[in-house]
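Input sequences plus hints: build the corresponding full structure.
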Amino acid sequence: MANITMSPSDAGAVQSAPAVMVRSYWQNVGYRLRYDYLTLFFGAVVILILLSAIFAPLLAPMDPYQSSLINRLKPIGYKDFHLGTDELGRDILSRMLYGGRISLTMGIMPVLVATIVGGTLGIVAGFLGGRTNMLIMRMVDVFYAFPSILLAVAISGAMGGGVVNGMLSLTLVFIPPLCRVAETATSQVRNLDFVEAARATGAGTFSIIRVHILGNVLGPILVYSSSMVSVSILLASGLSFLGLGVTPPEPDWGLMLNTLRQAIYINPLVCAIPGVAILITSICFNLVSDGMRAAMDVRL
Amino acid sequence: MTATEGSRTASPLSAVDRKDMRDRGGDAQPMLIARELKKHFPITGGVLNRPVGHVRAVDGVSFTVMKGETLGVVGESGCGKSTLARLLMHLIVPDSGELIFDGDAVGESDGLSVRDMRRLMQMVFQDSYSSLNPRMPIEDSISYGKKVHGASEAEAKDAARELLTKVGLDPNLFGPRYPHELSGGQKQRVNIARALVLEPRVVILDEAVSALDKSVEAQVLNLLRYLKQHFNLTYVFISHDLNVVQYVSDRVLVMYLGEVVEIGPVDEIYERPKHPYTQALLASRLSMDPDDRIEEPPLVGDPPNPINPPSGCRFRTRCKFAEKICEVDNPVLGDWATADAHVTACHMFVPRSGHSMAVSSASGSAPAPSGTAMAGGD
Amino acid sequence: MTAYILRRLLYAIPIALGVSIVCFALVYIAPGDPLNSLLPEDASAETIAMVKKAYGFDKPIPVQYFIWLGKVLTGDFGHSIASGRAVTDDLFKALGNTVLLAAGAVMVAFSLAFVMGLVAGYHSGGPVDRVVTGVAVIGVSIPNYWLGIVMVIIFAVELNVLPATGMGPRGSDTFNFWEWNHFRHLLMPMVTLSMIPIGIITRTTRAAVAEILNQDFVETLRAKGLSEREILIHVVKNSMPQVLAVMGLQFGYLMGGSILVETIFTWPGTGFLLNKAILTRDLPVLQGTILVLAMIFVATNLVIDLLQTMVDPRLKRG
Ligand SMILES: Nc1ncnc2c1ncn2[C@@H]1O[C@H](COP(=O)(O)OP(=O)(O)OP(=O)(O)O)[C@@H](O)[C@H]1O
Ligand code: SF4
Ligand SMILES: [Mg+2]
Numbered sequence: 001m002a003n004i005t006m007s008p009s010d011a012g013a014v015q016s017a018p019a020v021m022v023r024s025y026w027q028n029v030g031y032r033l034r035y036d037y038l039t040l041f042f043g044a045v046v047i048l049i050l051l052s053a054i055f056a057p058l059l060a061p062m063d064p065y066q067s068s069l070i071n072r073l074k075p076i077g078y079k080d081f082h083l084g085t086d087e088l089g090r091d092i093l094s095r096m097l098y099g100g101r102i103s104l105t106m107g108i109m110p111v112l113v114a115t116i117v118g119g120t121l122g123i124v125a126g127f128l129g130g131r132t133n134m135l136i137m138r139m140v141d142v143f144y145a146f147p148s149i150l151l152a153v154a155i156s157g158a159m160g161g162g163v164v165n166g167m168l169s170l171t172l173v174f175i176p177p178l179c180r181v182a183e184t185a186t187s188q189v190r191n192l193d194f195v196e197a198a199r200a201t202g203a204g205t206f207s208i209i210r211v212h213i214l215g216n217v218l219g220p221i222l223v224y225s226s227s228m229v230s231v232s233i234l235l236a237s238g239l240s241f242l243g244l245g246v247t248p249p250e251p252d253w254g255l256m257l258n259t260l261r262q263a264i265y266i267n268p269l270v271c272a273i274p275g276v277a278i279l280i281t282s283i284c285f286n287l288v289s290d291g292m293r294a295a296m297d298v299r300l
Numbered sequence: 001m002t003a004t005e006g007s008r009t010a011s012p013l014s015a016v017d018r019k020d021m022r023d024r025g026g027d028a029q030p031m032l033i034a035r036e037l038k039k040h041f042p043i044t045g046g047v048l049n050r051p052v053g054h055v056r057a058v059d060g061v062s063f064t065v066m067k068g069e070t071l072g073v074v075g076e077s078g079c080g081k082s083t084l085a086r087l088l089m090h091l092i093v094p095d096s097g098e099l100i101f102d103g104d105a106v107g108e109s110d111g112l113s114v115r116d117m118r119r120l121m122q123m124v125f126q127d128s129y130s131s132l133n134p135r136m137p138i139e140d141s142i143s144y145g146k147k148v149h150g151a152s153e154a155e156a157k158d159a160a161r162e163l164l165t166k167v168g169l170d171p172n173l174f175g176p177r178y179p180h181e182l183s184g185g186q187k188q189r190v191n192i193a194r195a196l197v198l199e200p201r202v203v204i205l206d207e208a209v210s211a212l213d214k215s216v217e218a219q220v221l222n223l224l225r226y227l228k229q230h231f232n233l234t235y236v237f238i239s240h241d242l243n244v245v246q247y248v249s250d251r252v253l254v255m256y257l258g259e260v261v262e263i264g265p266v267d268e269i270y271e272r273p274k275h276p277y278t279q280a281l282l283a284s285r286l287s288m289d290p291d292d293r294i295e296e297p298p299l300v301g302d303p304p305n306p307i308n309p310p311s312g313c314r315f316r317t318r319c320k321f322a323e324k325i326c327e328v329d330n331p332v333l334g335d336w337a338t339a340d341a342h343v344t345a346c347h348m349f350v351p352r353s354g355h356s357m358a359v360s361s362a363s364g365s366a367p368a369p370s371g372t373a374m375a376g377g378d
Numbered sequence: 001m002t003a004y005i006l007r008r009l010l011y012a013i014p015i016a017l018g019v020s021i022v023c024f025a026l027v028y029i030a031p032g033d034p035l036n037s038l039l040p041e042d043a044s045a046e047t048i049a050m051v052k053k054a055y056g057f058d059k060p061i062p063v064q065y066f067i068w069l070g071k072v073l074t075g076d077f078g079h080s081i082a083s084g085r086a087v088t089d090d091l092f093k094a095l096g097n098t099v100l101l102a103a104g105a106v107m108v109a110f111s112l113a114f115v116m117g118l119v120a121g122y123h124s125g126g127p128v129d130r131v132v133t134g135v136a137v138i139g140v141s142i143p144n145y146w147l148g149i150v151m152v153i154i155f156a157v158e159l160n161v162l163p164a165t166g167m168g169p170r171g172s173d174t175f176n177f178w179e180w181n182h183f184r185h186l187l188m189p190m191v192t193l194s195m196i197p198i199g200i201i202t203r204t205t206r207a208a209v210a211e212i213l214n215q216d217f218v219e220t221l222r223a224k225g226l227s228e229r230e231i232l233i234h235v236v237k238n239s240m241p242q243v244l245a246v247m248g249l250q251f252g253y254l255m256g257g258s259i260l261v262e263t264i265f266t267w268p269g270t271g272f273l274l275n276k277a278i279l280t281r282d283l284p285v286l287q288g289t290i291l292v293l294a295m296i297f298v299a300t301n302l303v304i305d306l307l308q309t310m311v312d313p314r315l316k317r318g
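Chains as they are written, first to last, in the working numbering: chain L, 1 to 300; chain C, 1 to 378; chain Z, 1 to 318.
Rather than coming from a laboratory, the hints here were simulated on the basis of the structure. Don't take every hint at face value.
To spell it out: a stretch of chain Z is covered by chain L in this simulated footprint if at least three of its residues, at any positions, have a beta carbon under 8 Å from a beta carbon of chain L; those stretches are [stated by the list, open to error]:
1. 23-32
2. 134-141
3. 151-158
4. 271-282
5. 292-302
Ideal placement from N, C-alpha and C gives every residue a C-beta, glycine not left out.
As structure tokens, this is what we get:
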């Protein structure tokens, strides 16, 4: 063994390798998603729903606030009211389109904010460990000890109705689970040698988290928060249904369900419409999230 | 450190005597002095998850590393080799003990800051699989350290590409790749490049070649030799493979249950091992020559639990020379600070220690205990 | 093992305290003076002074918390603003009705979902699996209050076979499970409430069954000549603990999550109580009900966790 002789240039001989297509993790995920037609389809529906909410002012045939005593509770297809009218004679189709704006905002915003806040808390807790972790995670456990709808009802019930209070309470509902997911993912990654190696270069905590941790925990966090959007939409319209979220006369799917409920004996079909919108949106978000989970589940 | 050069055929990773501009003390000033390093990991349990004991992973380890040499560190799995490496890098904070880098105490107000020390000393990690960020092209993994220390994006990238060439990987082909697209040997080359990007003086190699096939291992060892000369490096080479350690080291340190049991020049250790543990280790390695093979394994049983190590000498539960004194007193390692000294922590080598086989003078040679076959040697 | 159980029990105490702090804080996050939240608007100066003293409103907030906690621990949840009755009176009556509803819903969900999950897991990847998975997605995606309305439209309005609201004939406020006239009031709320657990239990069962069938020893059993029926029994036995645990968790969840369904069917349980409290801004009732429901949730989780570790000591969940 001792007489292996090699010149430095031998040892440094450049290794060649067959040219392979180099794809990053995210490119891989994108590649997988591109061939998952089911997810693509439901993703397209989600985008359509979002677009129709954004462009509601252009799409809505009538003024969603314009009530009319003579046109109250008309059936589907009555005159120009393609989806009928509500208890105040307002056009359901227009209210559905406008309602999407509030319902979707109330569903998506809390998850977005909770992803940022809860994700940050979880990453910090997971990376620092020790007492900081204890402190953050025990606090999270307390909020985890409430069934989600109960917590949302408790907070917005105490603070009083309104869109802002509703969103605030929903945000509080989603911070704990996101914090947990982020914490679990981070504490798994932080014990890997490449994080130690980064520390060994003298890098600071912030730089390590940004460069080395984030890329490895973002996947699980995003998958989880995407699955929470559907829950959030259901909870948000649930709050409005209870009179805790959106207040009349604003159009909102949950609130419309509530007010139309009085009319089930007169015009049952129309009463069911807002629920269909919630159901379709929720199913689509759920399936897109499932597709994302499958696409991101690649061990490298 | 040319002293060892004369005494044996030059080891492939042996001393290079070239002056380095960055030297602070002279040639004779050790690169690294570790004094009484200690790390006990608490183990929790019980109802309240309170600490109920400690793993004495590293328990009072002292040694020196001279400039330009390769110090081999051997010992069974779990004896604390990786913990020692992490302590040297200050990746875990020692419970006690001090570390002196080229004359400056590390982590003390009047000494060398940990951050500066980490530029001068780097480490190659044991597990090449988890030591590279799976979401990062290897080029970026290498250049990261450079950027941390203030280099621009372009400078860092250039440095990374140059090092990739140096470790034998074509930067155009490999630079943009992700770790999962590399073989084990290639990954380890990347790990080495990453350790070198900050132009360190010392590189700690924790089982750097252990996971590799024999042929790949030889290639990487040659690469290490080349890099050592090229960059004028000092190595701390950790391994449980006695053959490899013999091949690369100038001096060897033997660990047992968190303690140093023997340290000395490589030929001394391999030809005239003093400590019964070292003798057993050497005897237990597979010899190439079937006639040399020993019938019964000299080292029986698993090492004792590092949570409750035996009193006195930690090796006494497996030592065939153990006597009363070994149970009472923990033998101390002699004069470890002298670079070329061959010292051991065993009562048989302390004059008037009370052991029946104790040597008569401090410089006494091994009692060559009967029955310990001196198998091995290559 | 014992240490683990003790630790788990000890660990539940700070959680329970945390939950009580959150509930206590509800009165303070309500807009306006907390004192006003606890008293009817037309309260006499006398009553105001009395309540002020009883709750220590002149003292620092931590002291107020401990005074409140002391009262709660002795079963004093204050008085309803709307009715003036003690909160506990209404609360415990409602609690029984919610237990009935939630337990019924979980039973319905379990019997349907276990069969569906079993079949889907057994034929995993096949067309049956796809259909069942689709049903499960709908289960967790459907707004159950909407489903309630649809069911009312179909069964009460169009077919007129089931009552739309209440829990007994002519506004009866007692319930007799064995009497059809009562029981038929339970049907729609129960089925409506079972949708989410159906989705979740189906998914759990499917995953558990597919995983068991994937293990090597099932091959061994087949090789040994066991019939498919015997293998199925084996699969059912092995997946049951996990599925039952999820079912238990769902029960705890429904106890606190039945507010929407109870509101639609005016089922006089805790959810309906909560809804009334929200409409009338009756904070003592809101606070007491939420506290009790959250504690039930904590307790259910604790019990299931302990049962699970006893069945399988390897599962020491943090
Ligand atoms: N973070 C830690 N917490 C608790 N115990 C630890 C920790 N790290 C290491 N140990 C323990 O310290 C002892 C020494 O571990 P170490 O990894 O240093 O051994 P090693 O010599 O490198 O072994 P190997 O050859 O298997 O790599 C072991 O008993 C190990 O279980
Ligand atoms: S001190 Fe005693 S027990 Fe320890 S190695 Fe020496 S002879 Fe063996
Ligand atoms: Mg190791």
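Right, here's what the structure says about each hint:
With a cut-off of 8 Å between beta carbons, the segment 23-32 of chain Z has 6 residues touching chain L; three or more are needed, and the interface restraint holds. Beta-carbon proximity to chain L at under 8 Å applies to 4 residues in the segment 134-141 of chain Z; the threshold of 3 is reached and the given coverage holds. Beta-carbon proximity to chain L at under 8 Å applies to 4 residues in the segment 151-158 of chain Z; the threshold of 3 is reached and the given coverage holds. With 6 residues carrying a beta carbon less than 8 Å from a beta carbon of chain L, the segment 271-282 of chain Z meets the three-residue requirement, and the given coverage holds.
Interface restraint, the segment 292-302 of chain Z with chain L: holds (5 residues with C-beta to C-beta distance below 8 Å; minimum three).
In this structure, every one of the numbered hints holds.
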